[in-house]
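If you read the protein sequences in the order shown, they are chains A and B. Take 1215 as the starting number for the first sequence in the numbering used here and just add one per residue. Take 28 as the starting number for the second sequence in the numbering used here and just add one per residue.
I should point out that these hints are in silico values taken from the structure, not numbers from a laboratory. One thing to keep in mind: the hints can contain errors.
[Said to hold, decoys possible] Below, a list of computed lysine-lysine pairs in the DSS-like style, where the Cα atoms sit at most 30 angstroms apart:
| id | chain 1 | residue 1 | chain 2 | residue 2 |
| --- | --- | --- | --- | --- |
| 1 | A | LYS1319 | B | LYS94 |
| 2 | A | LYS1287 | A | LYS1251 |
| 3 | B | LYS148 | A | LYS1349 |
| 4 | A | LYS1303 | B | LYS94 |
| 5 | A | LYS1251 | B | LYS148 |
| 6 | A | LYS1294 | B | LYS148 |
| 7 | B | LYS39 | B | LYS156 |
[As the list claims (entries may be wrong)] Between beta-carbon pairs, the in silico distance windows are:
| id | chain 1 | residue 1 | chain 2 | residue 2 | range |
| --- | --- | --- | --- | --- | --- |
| 8 | B | SER133 | A | PRO1218 | 47 to 57 angstroms |
| 9 | B | ASP110 | A | GLU1324 | 18 to 28 angstroms |
| 10 | B | LYS130 | A | THR1225 | 17 to 27 angstroms |
| 11 | B | GLU86 | A | PRO1288 | 38 to 48 angstroms |
| 12 | B | THR48 | A | GLU1237 | 35 to 45 angstroms |
| 13 | A | LYS1287 | B | GLY92 | 38 to 48 angstroms |
| 14 | B | GLY114 | A | THR1339 | 35 to 45 angstroms |
| 15 | B | SER118 | A | ARG1348 | 41 to 51 angstroms |
[Stated by the list, open to error] Partial list, derived from the structure: chain A residues whose beta carbon lies under 7 angstroms from chain B:
| id | residue |
| --- | --- |
| 16 | ALA1245 |
| 17 | ALA1279 |
| 18 | PHE1298 |
| 19 | GLN1299 |
| 20 | THR1300 |
| 21 | ARG1301 |
| 22 | GLY1304 |
| 23 | MET1305 |
| 24 | GLU1309 |
Using N, Cα and C, we set each Cβ at its ideal position, and we do this for glycine too.
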Amino acid sequence: MSSPAITVGATIEPTYFGPIKIEHLSRYASASGDFNKIHTDLDAAREVGLPGIIAHGMLSAGLLAERAVQFMKPWQEEWKLHSFQTRFKGMVFLEDTVGLSGAVKSVSEEGLRLDLVAKNQRGETVTTATAMYRKN
Amino acid sequence: MEADLKSREHSKSSVSSEVITADRIRAFCDALGAECSSSDRDCVAPPTFLTCFRQGELELLDSIGLKLQNVLHGEQFYEFESDIRAGDEVSIQTELTNVLDKKGGSGRLCFLSLETLFSVKGNVVAKSKTTIVVREKGAA
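Chain B with its partners taken away, still in its complex shape (with noise of 0.2 angstroms):
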């Protein structure tokens, strides 16, 4: 399983771009029973907001022939370099940055790093890693 999925390392998915709404993240507050500053100008994303768009790993996944319901989600790491506001365009893409086969008790596990920048008129504003396992029988 490693050798092919190894063989994808590095391989992009295609860039996507999503307008933020205020809608948006009032909705995301909702669903964690968190306070949301109300008006639109003012109204920044939560940390684990940038979740809504995960659209760059499902597309490498499914490139890779995974199923995300066939897969774990070990970690999640955000990096910010500034605010995520209502009215900003932003754009989005991951990369297989790696993959790691590990031999565990239960038999072989791969560990797929997924990294996604975020830009906002060709700034970074955030960079996303999520670490994927696939156990042996899990992988397509």
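Bound-form chain A, shown alone (with noise of 0.2 angstroms):
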């Protein structure tokens, strides 16, 4: 059996990652390989210039992706990822939580565009991104 057809509008509804801990970003600091000290330490961050810890951009980045493979495989035999791409528009603080939604943007026969947005709990948004599918 195949999924029906996917379409135009069709929503990621919002889920939630956080409040965002040391823990968190210690995690992934070790799995990406960035030991940047901004996200795990409040000294090297205020050296810099930042008010508090902040989380990896690609952490965020990482989350879409990850809800925008899960909303596609119902139609991963149909549609391949091609490409994908982040915008970082706002920094992620400690005890953050992300809310991580999508829609459907287009769909024709040469691919589908579906846009993903994480806003914090103030509701601004701090990334967005862009991922492309082609026809398999």
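With the hints as a guide, bring the two chains together.
See the structure below:
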């Protein structure tokens, strides 16, 4: 059985990651090899003028990518991820919770575009992403 | 600042090589709270996994006197040709493809584009493009 066709406007309902703790950032640092101390050490963050420890931008990007992967699973035989672009709009701080959501922006024979957004608990956009799929 | 950096356009990092292991993919998935296939053979890297291999970017930034904690990561782009799986030996090389100087409200900003090619057995499997923003004061 194939899944019903995917259509413009189909949405990824928000899921939440957080509140973000130092353990999340240490684990991501080890897994990604990004040991920039501004993500784990308050003094290091303050030294470069930040008000506090910030999460890795690529952590939010990775969370959005994972949402895209899960959402597209029913259509993975039909659509293959071709590109993933992410923009860092704002910083994510310790204790922040990010809400991850998305929507199908366009579908055609050439490709499918899925737009994703991560917002903090104040509703501010912190990271956006666009996943482009091509027909398998 | 931009005059110095501009002259470094098209400089390339050395080529490095990494063997992708299922353990490494799993650790990355775990850190994202992501699902991950359990068998080693089927272990496919998630979309942003290539961020684990920024050594070419770091080498180039280092060569122009920039430290990661003094620059901003503005954008990240990946394009995929084929899956990257556990067991693949990936070779990695980064080029500083573009240096763009912009006047912003709060002073001058410099945008660096770093493009990395990831290859397995001589075939490009993925490309990444990283946009780094350097504030004038942050430049070495």
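Results of checking the hints against the structure:
Restraint check for LYS1319 (chain A) and LYS94 (chain B): the C-alpha separation of about 37 angstroms exceeds 30 angstroms, so the hint is violated. Annotation: proposed proximity of LYS1287 (chain A) to LYS1251 (chain A) is violated, straight-line Cα distance about 36 angstroms (limit 30 angstroms). For a cut-off of 30 angstroms, the pair hint linking LYS148 (chain B) to LYS1349 (chain A) stands: about 25 angstroms separates their Cα positions. The suggested pairing of LYS1303 (chain A) with LYS94 (chain B) holds, with an alpha-carbon distance near 21 angstroms, which does not exceed 30 angstroms.
With a C-alpha separation of about 35 angstroms, the suggested pairing of LYS1251 (chain A) with LYS148 (chain B) is violated against the 30 angstroms cut-off. Distance hint between LYS1294 (chain A) and LYS148 (chain B) is fulfilled; the C-alpha atoms sit about 22 angstroms from each other, no more than 30 angstroms. A hinted pair counts as satisfied when its Cα atoms are at most 30 angstroms apart, and LYS39 (chain B) with LYS156 (chain B) qualifies at roughly 14 angstroms. Checked against the hint of 47 to 57 angstroms, the pair SER133 (chain B) and PRO1218 (chain A) passes, with Cβ atoms roughly 50 angstroms apart.
Against the hinted window of 18 to 28 angstroms, the Cβ-Cβ separation of ASP110 (chain B) and GLU1324 (chain A) comes to about 21 angstroms, which satisfies the hint. At about 39 angstroms, the CB distance of LYS130 (chain B) to THR1225 (chain A) disagrees with the hint of 17 to 27 angstroms. Checked against the hint of 38 to 48 angstroms, the pair GLU86 (chain B) and PRO1288 (chain A) passes, with Cβ atoms roughly 41 angstroms apart. For the hinted restraint 35 to 45 angstroms between THR48 (chain B) and GLU1237 (chain A), the CB-CB distance of approximately 23 angstroms leaves it violated.
For the hinted restraint 38 to 48 angstroms between LYS1287 (chain A) and GLY92 (chain B), the CB-CB distance of approximately 45 angstroms keeps it satisfied. Under the hint 35 to 45 angstroms, the C-beta atoms of GLY114 (chain B) and THR1339 (chain A), about 38 angstroms apart, fit the expected range. For the pair SER118 (chain B) and ARG1348 (chain A), the supplied restraint of 41 to 51 angstroms is violated, since their beta-carbon distance comes to about 25 angstroms. Given hint, ALA1245 (chain A) at the interface with chain B, holds; its Cβ is 4 angstroms from that chain's nearest Cβ, closer than 7 angstroms.
Using the Cβ-Cβ criterion of 7 angstroms, the hint placing ALA1279 (chain A) at the interface with chain B is satisfied: the shortest such distance is roughly 4 angstroms. Among the interface hints, the one on PHE1298 (chain A) holds; its C-beta lies about 5 angstroms from the nearest C-beta in chain B, closer than the 7 angstroms criterion. Proximity of GLN1299 (chain A) to chain B holds as hinted, the smallest CB-CB distance being about 4 angstroms (cut-off 7 angstroms). For THR1300 (chain A), the suggested interface contact is upheld, since its CB lies about 5 angstroms from the closest CB of chain B, less than 7 angstroms.
Hint status for ARG1301 (chain A) relative to chain B: holds, with the closest Cβ pair at about 5 angstroms, below 7 angstroms. Because the closest C-beta pair between GLY1304 (chain A) and chain B is about 11 angstroms apart, greater than 7 angstroms, the hint is violated. Checking MET1305 (chain A) against chain B by beta carbon gives a least distance of about 10 angstroms; that is not within 7 angstroms, so the hint is violated. Interface hint at GLU1309 (chain A): violated, since its Cβ lies 17 angstroms from the closest Cβ of chain B, which is beyond the 7 angstroms cut-off.
The structure fails to meet hints 1, 2, 5, 10, 12, 15, 22, 23 and 24 from the earlier list, while all remaining hints are met.
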